[in-house]
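For the sequence shown, full-length UniProt numbering begins at 1 and goes up steadily by one.
If you're looking for bench data, these hints aren't it; they were derived computationally from the structure.
Take the hints with a grain of salt, since some may be wrong.
[What the hints assert, rightly or not] Just the calculated beta-carbon pair ranges, DEER-fashion:
(1) P294 / Q208: 55 to 63 Å
(2) D212 / R274: 36 to 44 Å
(3) R67 / Q208: 25 to 33 Å
(4) P297 / T340: 53 to 61 Å
(5) D212 / S62: 30 to 38 Å
(6) R145 / A372: 40 to 48 Å
Every residue gets a Cβ at the ideal spot worked out from N, C-alpha and C, and that includes glycine.
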Amino acid sequence: MSDHHHLTGDHHPSPASAATTALGPLLLLPSELLHDILIRLALPELLRVRSVARPLSHVISSPDFRRLYHLSSAASGPGPAAAWLLVFKKLRPRDAALRGFHGPSGRWFRIPVSAILAPAVPPGEDLYFLAASGSSFLFAANGRRELVVVDLSAHAARRLPPSPLGPRGTSSWRRFGLKLVADPPGSSQFRFLFAELVNNTPLLFEYQSETDTWQSSEAVQAEGASTAAGTEGTFLCAAHAGPDCVMVYSGPGVERPVFFRPRFPHNPNGGGDRLHVYGDGSAAVVRSTVIDEPGRPRVKVVAGVDLYGFGSVVGGDWQLASTVPGELVEGFRKPYAVMTGLLSEREGVVRLVLISNCRGAWDIVWLSYDRARGEWWWVPVPDWGTKGLNMAGIAVSSTFSRLWPPAAASSCTTTTSQ
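Make a model of the complete structure from these sequences and hints.
Written out as structure tokens, the structure is:
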């Protein structure tokens, strides 16, 4: 099992005075060089340093360094960039935790949420992790049939009022049809949007944390491929069945939400088993071949991955944007029995995560595509003891590294687990 690092506020591996003594030579470095060293740390490591070394705490908490770290997180390069892969693992009651994989450092971190959730969630509640953005982490409670949001920076949790559709269990929420957005960016305020087909009518629902209220809008049919999609717009999948889907768009270029039913072009790569993954106005089609050997369970292996999009317009059909190179596919061709995935895009980088299971063993594949460069990356994700994993939700966040809890929030310091 790979090393884990976890966020906690109760344990310090050594007294602050000992830490200051050990860091003596580091503190003598020029400020430019010290900044260059510190901005290379993942956020949990940085917060740990801030908690155990008071002299460095002043450096890390300074406005100049915070601005440098934010800029570094936002422009840390293509591929994984500053993104985090977040997995919610169900453990015994009151001990649930998020695991966060930090792409640039290649390591897993543990983010305890059970203590934060305790005041808002009764013992034994069945939780499912839906989405994350900035410091906000959204969960669905199956027993109480409600939404709970965790604000990691404030070390607080609260329940959201029921949506206009009323109380909903965890099975009612579809990953392809929802989105959590920190608004304004960098703040603890957020918007939660989801699209749903109600009585064959596409509806868009939006919750705003600032007012603690919901709004709903009926989407109208788009008039062909004539509307330009704004970069700040939101695409959600209101319903899907394989290649057939109903997309809802809201944002610049339209006065009210619009919907359309895009079609995929004929794929010259042939038939076979296909998994369709939707997100942020893109669709990934995972092509697999079946391995059927006598006396052995039926399994599949990935044969190829195609990425589709709408270009710059709303209301058109899917257009092939790129295909994952064959040499990358060969690197993660493992037998699997079942597979699911998630797809997200931010600042021109598309991130596709495929989660598969074969005979109780989980495997996670993380692919990133930089649109400007037209390049794909496979981000290796090390195992952290996923056999028998009771996974209850997964998300990708490219804004988590920009989270900056206040200096007094000791609940966000870091330690190394044993």
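Verification of the supplied hints:
no.: 1; hint: P294 / Q208: 55 to 63 Å; verdict: holds, 58 Å
no.: 2; hint: D212 / R274: 36 to 44 Å; verdict: holds, 41 Å
no.: 3; hint: R67 / Q208: 25 to 33 Å; verdict: holds, 28 Å
no.: 4; hint: P297 / T340: 53 to 61 Å; verdict: violated, 19 Å
no.: 5; hint: D212 / S62: 30 to 38 Å; verdict: holds, 34 Å
no.: 6; hint: R145 / A372: 40 to 48 Å; verdict: holds, 43 Å
Checked against the numbered hints given earlier, the structure breaks only hint 4 and satisfies all the rest.
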